[in-house]
Each structure stands twice: as structure tokens, then as C-alpha cells.
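Below are the chains, spelled out letter by letter.
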Amino acid sequence: MPAIVIDHVTMKFNMSKERIDNMKEYLIKLLKHQLFYEEFTALEDVSATIETGEVFGIVGLNGSGKSTLLKLVSGILKPTAGSVTANGTISPLIELGAGFDFEMTARENLFMNGSVLGYSREFMRKRFDEIIEFAELREFVDVPLKNFSSGMVARLGFSIATLVKPEILIVDEILAVGDFLFQQKCEKRIQEMMAGGTTVLIVSHSIEQIERLCSRVMWLEKGKVRMVGEVHEVCGAYRQLS
Amino acid sequence: MGKKGKLAVICACMLLAILFGQGVAGIQQAREKAAELRYPLTELETVNLSRTGDSVTAGEDPQIILSTVNTYVKEIFLESFDTAEELQIFYTDAAGEPFSEEKSIFVSPEVKTGNSTETGNAAWQGGSGRGGAFVSLERNAAALRIDFTGAVGSSYRLSAVVLNPVRTAAGNFSMVLVSLLLGGLAGLSIVVFAAERRNLRIYLGAFRKYHYLLEDMVARDIKLKYRRSIIGFFWSILNPLLMMCVITAVFQNLFRMNVDNFAVYYLTGWCVFNFVTEATSGAMTSILNSGALIRKVYIPKYIFPMQKCVFSFVNMLFSLAALLVVMLVLRVGFTWRLLLIPVPLLLALVFSVGLGMILATAAVFFRDVIHLYTVFTMVWMYLTPIIYPMEILSGAMFNIVKMNPLYYYVDSFRRLVLYHTVPDAAEIGIMAAWALGSMLMGTVVFKKKQDRFILFI
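As given, the protein sequences belong to chains A and B, one line each in that order. Sequence positions in the first sequence follow my numbering and run 263 to 504. Sequence positions in the second sequence follow my numbering and run 54 to 510.
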């Protein structure tokens, strides 16, 4: 069974248009049903099948719809048309430390973030030390997050998110966390997961990284699939762009 | 189920509700009458023959009520009350007006010493002087009150509310309206449930995984609310107490509101009302305010309105401590009926979650709802008997208030706490219907629209 099936997915957004100067314009737009919003197609008819255990990369320029695709796979967004099926537990590393409250301490945030990801409190209590060790934040456990450096926050987020070996790991440009030593640690952890049979979906602007990690790559351009295939083939073509 | 089938189910439910409502009204009426006569008078200082306009049931002829009162007075007067010395009868012409005295009767020594029904009856008949009925009013009084003063100085009060015929008819009509509304709601719920039951099970199944999140978020809300205040969560107790002092002072002294134990009366109403409005308005903006989180991770979105409702519920539990203090100070007795207060409160919670989900959904797409709802809650407050007794309402207003779901939650909670009576089956049924109907509607509306939330926040 393939881990992720993306089936003719189209995603449309409403672009905010806040400026309306007068009543007349308001009424006209109201009648034309385009008040405040204008449609924008972020993804158009994208299809892909990702097999279990595969490491799949997505490349593309800014605004090509990479992150949107990841959000669709992780369930944050629902497609306007088409369907996305994911078989297995997903750990999304799209935004580290989503739901961190900067007024609260690292300890409180750790449990909070754990429950955001759907882990039980008992489970978090057991793994508490392990997470703090990995994030190298032992001395700062009871310091409010607002006093943390951005690197520290990211480290904490990464440690919680990669706590469990998920069946599907979704990675969005987060390997640029902390100093280079920590980055190596992160990459090692992700590679451990890959070795353990986890399906990985990576978005990165670093072509070297993609080439090093991935087996297959999709190239998105303005919401459409430009190319899907072997890593060298696609990356080679993508490089020609510059 | 086809369109016709759905319509049939809804109509059937409405019909059943009307039949049930009328049946319940009849049973209630009969039972109340029976209970009135068996009231253990000696145990209580104040005996309410009927506390509010609604418990003397719709459709009742004032003369029948009067005769009930007469039988009652006779029994007390002759049997249990042979030491009574003075008996005063008061009446009011309209709801809300103070009582004025109709007549005052001193019990003659013959009655007191004779202690036999025969002599007593004769004396009683003689004393009344009006065709044998002890209490007979020529005017169409809205309510009457009878005070006994015992030999040792203990006084007893018996009050009866007599409905005038116009209001009686309206009462019946309102019962039909309420039945129609509730029956329709129940029917709609069944239809929707039948169509969505499989989806709902999956949807709510995920809750097991995420209930820790709910707990954590509520705990965080509480922590944040009282951060850096010196007396912390004691504000939750102190705040209602201070409020109560102000309101009691204003309404008892300024407006001369004639309600026994006004402080407790107000506080019980306030607790429930404030909980529901705080919960629903919190839930309404919860999705908008959690935009940052919703955009980043997948969480079942109903967690957010639920979080706000549970948070308000916990807050209300704190204010119950304030209520407890007031009850102790004012010596409102504690009875086993207090153990039943979770029933109206939990049903109110369910109701709030459902309404909150509907509001949250609406607020995502139309921010206007947020502004509208503040006005609505104000209207809602005046349509809920929090600071006024139901007796001051008449005709149309009375019926409107009885359609207000909050009336039932407030009233049954108040009954348990202040009047030591258990809400009857009809009241519990209405509360449950509102709660489940709102919950079901909320879940369905929310679920249908939740995938589009992210595009609008």
C-alpha cells in the first residue's frame, strides 16, 4: 500500500483584498460575490503516489505551492478538488513549536505541544528527560519561552516533534535549526528514521540536501507539476533554470 | 430517507411533543393539587402553595384554585393549626404589585379550645360570612397570600397565585408553541442524526486522542486568567459576591423587588446565565483566535469551542463557592436536592457547546455575528428571570420567556438550590431536548464547514 496518494488535487485560496473605498464599490462587489476575496489557485491538478519507505523531495521556486502541498498531506488544509490519502501516523515538521505559548515555561510548553500532537500526558512524562537532553535545554526547563533565543525555541520544537518514530515524516525547511552541531544532530535523527522505514516528504531550497537524501523528486512550478522522477534527472533539470 | 420521509418524521415529532406537552400539563396539574393538600406545613415557615405563575397550571379555573385554597386553609386552620391566633388575607390585582390587606381575622377562643371539626367548621363558616367559602375575592386578583400568626409568635405564610382566564388561554397556547418548537427540533435532530451517524462516530472518535489537549488548554486558560493578580482565582469567588451586593442593594432598595432571599435568587440566575453567555461568546471567537495554531498543525477544530465552554464551566464552579457562602450566611437550608445540581449545569454545558460551535462557524464567515451577539446577549439577559421574578411577567412576555431555553436551566437550578424542589420530568425533558438539539446541530454545521475555516481566518 502506498504511504501517500495525491490524486488530482486542486487548491484554491481566497486572497484578501481589504481596500474598498466607498459604498458604491462595496455594493458592486457584494453583488458580484467577490467582496474581500479573490480566488487564487495554489495547486492545480497535482498527482503523485509515494511508496512506503520512500524519501520524496519537492522542489520549486517561491510560491510554487510546495508548502501548500505539505499542508494538504498533513491534513491542515483540505483540497478544493481531488483527494489526499495518507496511510499511517504523520508527524508534520512544518512549523516547529506550533502552539507554543511564549508566556509559559519550556516545561509547560513541552506538555502542551505534546498534547497538540496528540500524545498522552503519561507518555510525555516518561519521555520528558529524553526530549530535554536532545534539545540541550536542561538548565532552562523552567524559564518562560519569551526569554529563549530563536534557536532554543526551534530546538525544543524539533525535539518534541521527532520524539516518536512516525510512519510518515513531513519536513519543511527545518533542517536549518540552531547551530551546525545541532543541524547535524537533526539530520542524523531524520536519517535514523529513514533507515527505520519511515516515509519522508521533504521540501527544501537546498538542492544538495535533496540530492543527498531523496530518491524521487517532484518539481512544482506555479502550482503545476513540471516534472516527477529520479532525483538526478529532476534536480539536473531544475538546476538549468538559473 | 427521502425528503417526504424527513418531513414526516419532523411533523410526527411535533405532534408527539404537543400530545406529550398537554399530557404532562394535565398530570402536573393533578399532582400539584394533590401535593398541595398533603403539604407538611409544620416543618416550614413559608409555604408556597404555588411559587410562580406557572405551577398553577394553564387551563385552571380561578374558582377551582380558590376552592383548593379554601380546603387547604380549612385543614390547616382546624387541624394542624389550632394554636393560630391571627389570620390575614392579602391580595394583589396585578403581578408585581405589593400585597394589600383584604381582611384580618382573629381566631375565637371556641375554635381554639373546642378542637372538634364540628364546632370548628361552624365557626369557620360563620367567620367567613360569604357563602361558606373562607377565601373569596370579589375582584379578579392575580395572587393572594394568607399569613398565619401562631400563639408563640411564629408566623406562617401561604401564598397562592390565581391566574386570570386570559392568561390561562395564553398559557395553553404557549405550551403548544413550545411543543411545536421542541418537537421540530427533536425531529430535525433525528433526521440529521440518521443521515450523519457514521461520520459523527469517526469525528468524535478522534476525541479520545485529543482530550489531553483539551485539559491542557483549559488549565492554561485558567493559569493565564489570574496571572499576576494577588488573590488569584479568589477573584472568581469575590467577583460574583461583589456583583451580588451591588445588584441586591439596587434592586431591593431602589426598585423594591419583592422576592424572598433576593441575593440567592439573583446569584443562582447569574451563575447559570453568565456561564452560558461567557461560554458561547468565548466559543464564538475561539476559531478566529486560534488561527495561528490551526494554520500550523492538524487538530480537530471542535477542540477550540469546547475548550472555551469547559473553561467557563470551571469558572462557574468557582462562583458556586460564592453561592455556597451566601447560602450559609442567609441560612438557606442545605438539602439532598443540592446533589442534583449537576443535571441542569451539565445540560447547560452541552447546550453551550452546541450553540458555541454554531456561533464559531458563523463568526468565521461573517464577523458581524460577533457584534450582533453582544446585543443579543443583552436581550437574552432581560428575557431570563435573573433579577426579576416570573410573577411580574404577564401575557405575551411570559410566553416568550418560557420559550427561552435558559429559563429552564436557570429555573431548575434555582429550584434545587433555593426552593428545595426537584424539577419535574417535563422540565428535564425540555432541558435535555435543547441541549441535545443544540449539540447535534452544532456538530453538523461545524463539521460541514470546518474545512473552509482555514481559508477565512
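Heads up, a few of these hints could be off.
As the list claims (entries may be wrong) - Stretches of chain A that chain B covers, calculated by requiring three or more beta carbons in the stretch to come under 8 Å of a beta carbon on chain B:
{"#": "1", "segment": "408-418"}
{"#": "2", "segment": "421-430"}
Claimed, not checked - Here are the simulated BS3-like pairs of lysine-lysine, each with C-alpha atoms no more than 27 Å apart in a straight line:
{"#": "3", "chain 1": "B", "residue 1": "K455", "chain 2": "A", "residue 2": "K340"}
{"#": "4", "chain 1": "A", "residue 1": "K274", "chain 2": "B", "residue 2": "K57"}
{"#": "5", "chain 1": "B", "residue 1": "K501", "chain 2": "A", "residue 2": "K274"}
{"#": "6", "chain 1": "A", "residue 1": "K340", "chain 2": "B", "residue 2": "K278"}
{"#": "7", "chain 1": "B", "residue 1": "K349", "chain 2": "B", "residue 2": "K262"}
{"#": "8", "chain 1": "B", "residue 1": "K349", "chain 2": "A", "residue 2": "K447"}
{"#": "9", "chain 1": "B", "residue 1": "K502", "chain 2": "A", "residue 2": "K274"}
Treat the hints as calculated values from the structure; they're not laboratory data. We treat Cβ as the ideally placed atom computed from N, Cα and C, and that holds for glycine.
Tested hints:
{"no.": "1", "hint": "408-418", "in the structure": "violated (count 0)"}
{"no.": "2", "hint": "421-430", "in the structure": "violated (count 0)"}
{"no.": "3", "hint": "B:K455 - A:K340", "in the structure": "violated (43 Å)"}
{"no.": "4", "hint": "A:K274 - B:K57", "in the structure": "violated (37 Å)"}
{"no.": "5", "hint": "B:K501 - A:K274", "in the structure": "holds (18 Å)"}
{"no.": "6", "hint": "A:K340 - B:K278", "in the structure": "violated (34 Å)"}
{"no.": "7", "hint": "B:K349 - B:K262", "in the structure": "holds (19 Å)"}
{"no.": "8", "hint": "B:K349 - A:K447", "in the structure": "holds (24 Å)"}
{"no.": "9", "hint": "B:K502 - A:K274", "in the structure": "holds (16 Å)"}
Checked against the numbered hints above, the structure breaks hints 1, 2, 3, 4, 6 and satisfies the rest.
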